[in-house]
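Peer 1: Chains A, B and C, in that order, give the protein sequences. Going by the numbering used here, the first residue of the first sequence is number 1, and it counts up by one from there. Going by the numbering used here, the first residue of the second sequence is number 1001, and it counts up by one from there. Going by the numbering used here, the first residue of the third sequence is number 2001, and it counts up by one from there.
Hints should not be assumed to be uniformly reliable.
List of simulated lysine-lysine pairs, DSS-like, C-alpha gap at most 30 angstroms [stated by the list, open to error]:
1) A:Lys-362 / C:Lys-2020
2) B:Lys-1170 / A:Lys-550
3) A:Lys-349 / A:Lys-437
4) B:Lys-1071 / A:Lys-182
5) A:Lys-100 / A:Lys-308
6) A:Lys-306 / A:Lys-240
7) C:Lys-2201 / A:Lys-275
8) A:Lys-117 / B:Lys-1071
9) A:Lys-275 / B:Lys-1170
10) A:Lys-437 / B:Lys-1071
11) A:Lys-177 / A:Lys-308
So, partial list: chain A residues that the calculated Cβ filter (under 7 angstroms) puts toward chain B [to be verified]:
12) Gly-86
13) Thr-248
14) Thr-342
Bear in mind the hints are in silico, worked out from the structure with no lab data behind them. Computed from a predicted model, the values in this text were never measured in an experiment. All residues carry an ideal CB built from backbone N, CA and C; glycine is no exception.
Here's the letter readout for the chains.
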Amino acid sequence: MIKLKIFIFLLMALVLLTSSCRVAREAGGDYISGTSAGDAETLNWILAADAASFSYSGHTLDSLVTYDNEWRIQLRLAARDVEVSGDGLVYSVTIRDDLKWSDGSKVTAEDYVYTLKNLMFSDWLNYPYQSDWQEEIADEIVFVTPEVVSEVTFTLTRRTVDPEFIYTVRGLTPYPKYIATKYEGDAEAFTQAPEFNNLSYTGNLGPYRFVEWLRNDKFVVARNPEYYLGKNTGAPYFEKYTIKIFGTPAIVHAALEAGDITATNIDPDKVGKFKGMEQINIHTVPSSGYMLLAYNLRDNGWEGLKHKEVRQALSTAIDKELMIEQVLYGFGEPAFSFIPNTSPWYADKGIAKYGVAPLLDKEKAKELLLEAGYATRKTDGSIEVGDKEGKPLKLTLITNAGNDVRESVGYLIQQELAVIGIEVELKFVPWATELGKYLRNKVPGSDQEAAFNNGAGAVSEEPWDLLVIGFGTNPLAPSGTDVFYTTKGGLNFWGFFNPRVDDLFKRVKSAEALDEEVRKELYAELSRLIAEEQPVNFLAFQLANAGFQKSVQGIEPGINMGYNYHLWYFE
Amino acid sequence: MPMKKNWLRDYIIKRLFFALIVALGILTVTFILVRIGPTSPADKYLANIAARGQDVSQAVAAIEARYGLDKPLYEQYINYVANLGRGDWGWSFSTSMPVIELIKTHWIYSFQLIFLSSILGALVGILIGILSAVRQYSKTDYIATFFSFIGISIPNFWLGVMLILLFSVKLGLFKTYYDSGIPIFSLDNLRQLTLPVITITTGMLAGYTRYTRSAMLDNLRKEFVRTARAKGLPERTVIGKHVFRNAVLPLITIIMFDLGSIVFAGAYFTEIVFGIPGLGRISFNAIFADDYAVVVTVTLISAFLILMINLITDITYTYLDPRIRYD
Amino acid sequence: MTNWLASINYITGKVGGIRKLILILMAALLGVTILLDVLVVEKIFDPLGYLYIALGTLAVLYGIYPLYTSRRLVGYYWERASQNRLAVAGLAFILFLILLALIGPFFTTDPTATNFEEKNIPPLGFTIEESVYHPETQQSISKTITGSGKHPLGTDNKGRDLLAMIVSGARISLQVGLLATGIAVALGTLIGVTSAYLGGKIDNILMRFTDIMMTFPFFLLLVFIVFIFGPNLAFIVLVIGLTGWTGTARLVRSETLSLRTREFIMAAKALGASDSRIILAHLVPNVISLIIVIATLSIPGVILAEAGLSFIGLGDPSVTSWGMVLRAGQQNLDTAWWVAVAPGVMLFLTVLAFNFMGDGLRDAFDPRSAV
């Protein structure tokens, strides 16, 4: 027995010695990322609509291009960045020539064009994000035109200019034509195709290869020794990469503390505790997710909300920094626009910063309400807020139940507005109810099908005044946010209709915005206008906290910190 | 004897026929419930699509069309039943797997848990129960009662988290979660099931203890026990051979029921807390994802199991007690 | 005066007993209030209020009144039950809980009142560290929070007083437990007694129906229905009540079967009593001991079911139940342990108390029964 121990000891010493002698990094270790968010729905990415599904398949299949923490281009499957013609209509993509499917055949431009034309644009497969690839010409919706140029080059031709279309193109991933043709035209067969559900086609296209997906438990991929980016570096450096799904957040945190998992996201209130642990590193990084307080401008909201002065008054009364400190434990930054300050398009020149001093003043808020006719001045000079008849105001705030941060924000707003004499009734409703009864709307009495924006005159089934909700903006292409703020926007729940906003969003997507300076100015103008109109009160951009075991090396903390995760390694 | 076989066969056929009708009824009710609900499988995408700033209505329509959910309800129902008739249990769109494969993969994780817990619960529970009955109203009885009821009174999800924090995080004795990479039939697996099994067992103990106790008390008063004692048999023999043997058969029924009825849902909380990928989590996630194929199948199988266990129990009784006749 | 009495007597005779008369009157009254509630916008009672009144009337007429008329028997059982010290302790705790639920809210603050300035305060005698991050300096600043007498049990992460939440939770949990069990037991008793008394085809149909109901996995069904139709406390109570009667029905049926051929039932039949009178006035009071035991033992299950629903996010978000507090506390167990511990302990003690009491009662009524 003792002999065995000595032998093992010697063996380990040998291993340690040899490994420290090598200069090139050796792959090893099992990286386990813990999450208590839900499992993915499919690995067949063209069918996916949830974030988890895209992230799972992404481990085995790179996109054309990705971005580092400063939004600089990092080439992946593309040999060089996407090239745009001077008129902004033709996009030319050249892929690397050393990309291979699992059967050894080359990945070609033909695969990409096939994926676009025969799968994404087809009417039998119902790709959920078709609208990304469509443009409107004379009231007709048409797809962009993909075309093979050479074995490694293809073009996409638009008929209208959209300066931010390039970001959509850069995210493109291919399906293997030689497999997909077998299932073409049959949605059911395509959905159930074993090659696509086992990711067995991905060749050398991603840092990892699919091993196992046990539903509601784990998704496991193993190091891809043929990874095209690993030829010289030997990357990636983890033997196995596992996403472990937990049933409850309490245990994910316990697992990180106990060292059973390598990394997970840490809730704001627990960061202090984890920072005190020697074996854990915490990186606080910006995110593009923001919380907002929406005002119901439709006919079933309090009529006062239709006046921009009233909305400004309410926003003046709500302290954003207090909210960040109390609810997010400091992990957030006040938001004044839908564009995060990490975005290259962020500009805060001339923007009205409601909710921080000097535009944070409860007395000023009351005066604004008085001017708008929703308050009366008492004999002692104090102002009493009320409706047009002078009766006390009572507003209904809704948010989805079970989201502790949003519930807390609701309570805090209730606390803040109580100071200026407005009573807020909180309603926490299940997500499905929020969607169905509060956000979907239709013109009463009409035979419209309820949708998220049925235009002016449409109202939701249940009345509401205030809504706390969270969204994300693509920091590179903020124009996608038009769905929330334009007259025809599909997610304009709150009924904000402003021709100037419509026009600005249109211009941001037009030829004049090809000039980045112009685009930046347009975004600044949009931010100013929306901040001035206050259809919603942007509350805060949240900071995320990623917790890692100290042994993980090579991390560059930042908004896109996972961009080089194939270079991470265990100490 | 042939007489008996005859009526029994008729009886079994009748019961099976009944089971079939019940199954069809349950299928219909469940199907309608899932499909008429105000939620749509596409709802959960909304947050993601919105976060990407895309138009939702188109995506939602696309997803509903892809799974045939845009067709009229009766058409969906007929399609579904027709497929079932062909032995096709459907495709689970929330997990991208054939439903039957999904259940085949995951049932073992729940079953091992409940199997071990039932055995342990029955063993410990029966022992405590016997002790309790033999010394009715003694201190032992009180302590036994007290402890068996503590278990049933702690919510499983609470106990589980506490056990993990204490034994896994503070003491480092176990992993904080169930590692599905360890083979089912291995000592390591048995080891990592320790905490989950304790969690479930504590909840089962009271049932077994109290049942054994009352069954034992019942038999203790019977004539044959008095006779046995009068014959001068040692107390151990009296209790073990005469009293317990008569109490054990109904107990087996209870164990069977435990196994059958909770395979699907009983271990759900324990599965959540310990991260065990059992059928409980599969079924409940399917409910939340409106994945009707899975929900209907799970309900059906579970109902069918219960019906079969009922039948087997009844038949066993006719052999144990030949006086019993069902008409 | 005599005229008035005579007419009451007449009506009583017509409908078959004073209890039935009261029942009919109450039903009519409730019907009218419900109509008023629906037609006139004014809210008179919430849905739970109606359940309370209906079940309370039933309990008084068919539970407490028969117990009162047979005081001697009750005294005998009490004598036996009081020997079981665990059962007595259970009863004492339940009485304390009822008292807490009834008058507690007058002594505590509003359980829904938040105050973020006073969040995460530990219970009296404890001290914790809490840190807040400052993005400008990228530093966290810690502060020490000490428990105070103002919030003896501490506060949650929204500054709500935990003591107030526990007291409010006691009310909700008792409500849910009593009401849902009340519905289930009333329904189960009715079906069980009817089935056994009438026998034949009706017995067959009712028992087959019971079998079918039993094949549904209870909690799965509960989650399923609550998920589809939304988490509303009154609705949850109804669903638990309407699905949880099967066990009662079976037990009551077998108990009634043995009663059916007893002399006093035969006598009542011979005297020409109607079926409904025999069921309500003779059979139900005679299975009341069984019903009390079943009810006491099913209350804990119901309370735990509500907590379980809350744990998976299907609790009614507008009420402060122990389950909801527990769920919130569970998420922050490592930073604010007291939020999960307080409701957990209360839940545990309550369920334990009901179990002890039920077990003691069963022992007292019939030590051999296998409820």
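Peer 1: Does each hint fit the structure? Answer for all of them.
Peer 2: Here's how the hints hold up against the structure:
Our distance criterion of 30 angstroms between C-alpha atoms is broken by Lys-362 (chain A) and Lys-2020 (chain C), whose separation comes to about 62 angstroms. With a CA separation close to 20 angstroms, the supplied pair Lys-1170 (chain B) and Lys-550 (chain A) stays within the 30 angstroms bound. For the given pair, Lys-349 (chain A) sits about 39 angstroms from Lys-437 (chain A) by alpha-carbon distance, which is inconsistent with the 30 angstroms threshold. At roughly 27 angstroms between alpha-carbon atoms, Lys-1071 (chain B) and Lys-182 (chain A) fall within 30 angstroms of each other, so this suggested pair holds.
This hinted pair does not check out: Lys-100 (chain A) and Lys-308 (chain A) have alpha carbons roughly 57 angstroms apart, beyond 30 angstroms. In summary, the hint linking Lys-306 (chain A) to Lys-240 (chain A) is not supported, as the alpha carbons are separated by about 56 angstroms, beyond the 30 angstroms threshold. The straight-line distance between the Cα atoms of Lys-2201 (chain C) and Lys-275 (chain A) is roughly 71 angstroms, outside the 30 angstroms bound, and the hint therefore fails. Taking the CA atoms of Lys-117 (chain A) and Lys-1071 (chain B), the gap is about 27 angstroms. The hint holds against a cut of 30 angstroms.
Of the pairs offered as hints, the one joining Lys-275 (chain A) and Lys-1170 (chain B) holds, with about 18 angstroms between alpha carbons and a cut-off of 30 angstroms not exceeded. Between Lys-437 (chain A) and Lys-1071 (chain B) the alpha-carbon distance is near 23 angstroms, which keeps this suggested pair within the 30 angstroms criterion. In summary, the hint linking Lys-177 (chain A) to Lys-308 (chain A) is not supported, as the alpha carbons are separated by about 54 angstroms, beyond the 30 angstroms threshold. A cut of 7 angstroms between beta carbons decides the hint on Gly-86 (chain A): the least distance to chain B is about 28 angstroms, and the hint is violated.
The beta carbon of Thr-248 (chain A) is positioned within 7 angstroms of a beta carbon in chain B (closest approach about 6 angstroms), and the interface hint is therefore held. Evaluation of the Thr-342 (chain A) hint against chain B yields a violated restraint, the C-beta minimum of about 16 angstroms exceeding 7 angstroms.
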